[in-house]
Every structure is written in C-alpha cells, then in structure tokens.
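Undergrad: Residue strings, one per chain:
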Amino acid sequence: MLRIFRQMRQKLLPENRFSKYLLYALGEIALVVIGILIALQVNDWNESRLSRAEMAKVYVSILDDLENDYGRLAQILPDFEWKISVIHGIITEPPTPGQWVANDSLFNSFSSFADFEIGKERFELLKTKVAVDEQSRVLNNRITDFYKKHSTDIGVRTY
Amino acid sequence: MSYHRNVAYWEEHEPWLSLALVDRDFSKLGQHAENNPIFRNKLSWYRIMLSRLKAALLAYQTESGVLADEIRAYLRTAEPGT
Numbered sequence: 001m002l003r004i005f006r007q008m009r010q011k012l013l014p015e016n017r018f019s020k021y022l023l024y025a026l027g028e029i030a031l032v033v034i035g036i037l038i039a040l041q042v043n044d045w046n047e048s049r050l051s052r053a054e055m056a057k058v059y060v061s062i063l064d065d066l067e068n069d070y071g072r073l074a075q076i077l078p079d080f081e082w083k084i085s086v087i088h089g090i091i092t093e094p095p096t097p098g099q100w101v102a103n104d105s106l107f108n109s110f111s112s113f114a115d116f117e118i119g120k121e122r123f124e125l126l127k128t129k130v131a132v133d134e135q136s137r138v139l140n141n142r143i144t145d146f147y148k149k150h151s152t153d154i155g156v157r158t159y
Numbered sequence: 001m002s003y004h005r006n007v008a009y010w011e012e013h014e015p016w017l018s019l020a021l022v023d024r025d026f027s028k029l030g031q032h033a034e035n036n037p038i039f040r041n042k043l044s045w046y047r048i049m050l051s052r053l054k055a056a057l058l059a060y061q062t063e064s065g066v067l068a069d070e071i072r073a074y075l076r077t078a079e080p081g082t
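As they're listed, the protein sequences go chains A and B.
For the first sequence, position 53 (counting from the first letter as 1) is numbered 53 according to the numbering used here, and the numbering increases by one without interruption.
For the second sequence, position 26 (counting from the first letter as 1) is numbered 26 according to the numbering used here, and the numbering increases by one without interruption.
None of these hints come from the bench; they were simulated from the model.
Where is the CB? At the ideal position from N, CA and C, for every residue including glycine.
Possibly wrong hints are sitting among the right ones.
As the list claims (entries may be wrong) - Facing chain B, according to a computed beta carbon distance under 8 angstroms, are these residues of chain A, among others: (1) 33; (2) 34; (3) 36; (4) 62; (5) 63; (6) 70; (7) 77; (8) 80; (9) 87; (10) 135.
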C-alpha cells in the first residue's frame, strides 16, 4: 500500500502537475483522517463493550443478592406468621402459669424474631459505576429507589 | 417503632422479661399475662410491630422478585448469553 502511494508521488512530482499532486495529497490526508476515525471508533466500541460487560457483572451479583434474600424470606416469614398468631392467642386467652412453664414456645413467640438484613453489598458497588446507556440508567435508578425504600422501611422497624 | 430499642428497654425495666430471657424462668409470666396490664400492652405492641415488619418484609420479597425479573430482562437484551 505504502509502495503504491510512493510510486504515485514519484510519478506526479517530476511531471510538475501541481494541481494533481495537491489532489493526491488531499486524498492521502483524507485517508489518514478516516483511518484515525475508524481506529477511535473501534476503541470506543471496545471500551463500551467492556463497560457493558462490567455492568452486567454487577447486575448479575445484585440479582444474586435479591434471589438470596427472596429465599431467606421464604424461610423466615412463616415464623413471623406463627409468632403473630401465638401472641394473639396469649392476648385473647392468656395461658395459665403452668402452661407458660410447660411450653417455652409461648415465651419464644415474643422474645425474639429471626434477624433479617437486606443484602446490599453489591448495590454499594453499583453506586461506583456509571450507566452505560439509557436503559441501564433507568435500571440503576430503579435499583437505587428500591434499596432506599426498603432499607428505610425495614430498618425503622428493627433498630 | 423499633424492636431492638424497645426490647433493650424492657430488659432493663421489666424484671419478668430478663428473668425469662436469661434464666429461662417462665414461672412469673403466667401471673403477668393475667394481671399485669403493662405486660398485655407490651405484647399488643409487639404483635403490631411484628405484623408491620412482616408486611414490610413481604413487600420487599415481592418487589425483589419483580426487580429480579427486570434485571434478567435487561441482561437478556443487553448482553446475550450473560
């Protein structure tokens, strides 16, 4: 390729055809500029692809947190249900002193409950990332609102 | 309305609770349940607190399922094969 350009240059210069040489020079400049633009575009595309992949990893890990929390709540929510119904029974029909001693689940119903903390370590990671496109910007806002709302709501009731 | 803060206060100010918590001595609870209005009041409070917490956790669980679906949908469109 370079040899072809060199040959063209050598052919045009001795012939003293300045206008044609100028046209050729402009063409060569245009080719270089196009080459640079293509390289920049490829670099940009590659960076964007890497950012997307990195963002996808964060989303996958948040998904993991959500699935874990969902599973843990499926385990502990029935216990809440049970405690509420036992306490209701204690209030409406107080057990006898003997029943309290014989059945420690009466006391356990109001002495504690399964601690639950929202898993949001990966959400903290999301805060350090910049959205890669409009769709991910919307999703990031959605995730942020979700954690903000529920952390406050659950936190207020437990601590 | 906070569970941990209130129970910490009860432990300090209601001897029947610390007796039952620490020594697992439930003999006084029956008397309190029948005759002590404060005891019944605290249990009522606890039931309400627990019901509200359960509702908040249930809402979190339901909405986390919805959000998980949205994230999955994004991953399917943005990064095929992720």
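Undergrad: Work down the list of hints and note, for each, if the structure agrees.
TA: Going through the hints against the structure:
1. The restraint placing residue 33 (chain A) at the interface with chain B is violated, with a minimum CB-CB distance near 32 angstroms, outside the 8 angstroms limit.
2. Contact between residue 34 (chain A) and chain B, as hinted, is not supported at the beta carbon level, the nearest pair being about 30 angstroms apart and thus beyond 8 angstroms.
3. Taken as an interface hint, residue 36 (chain A) does not check out: its beta carbon lies about 29 angstroms from the nearest beta carbon of chain B, beyond 8 angstroms.
4. Look at residue 62 (chain A): its Cβ gets to within about 7 angstroms of chain B, closer than 8 angstroms, so that hint holds up.
5. For residue 63 (chain A), the interface hint holds, the least distance from its beta-carbon to any beta-carbon of chain B being 5 angstroms, beneath 8 angstroms.
6. Interface restraint check: residue 70 (chain A) against chain B, minimum CB-CB distance 5 angstroms, threshold 8 angstroms, status holds.
7. Taken as an interface hint, residue 77 (chain A) checks out: its beta carbon lies about 6 angstroms from the nearest beta carbon of chain B, inside 8 angstroms.
8. A least Cβ separation of about 4 angstroms between residue 80 (chain A) and chain B falls short of the 8 angstroms threshold, and the interface hint therefore holds.
9. With 8 angstroms as the threshold, the beta carbon of residue 87 (chain A) comes within range of chain B, its nearest partner Cβ sitting at about 4 angstroms, so the hint holds.
10. Against a cut-off of 8 angstroms between C-beta atoms, the interface hint on residue 135 (chain A) holds, since the closest Cβ of chain B lies about 6 angstroms away.
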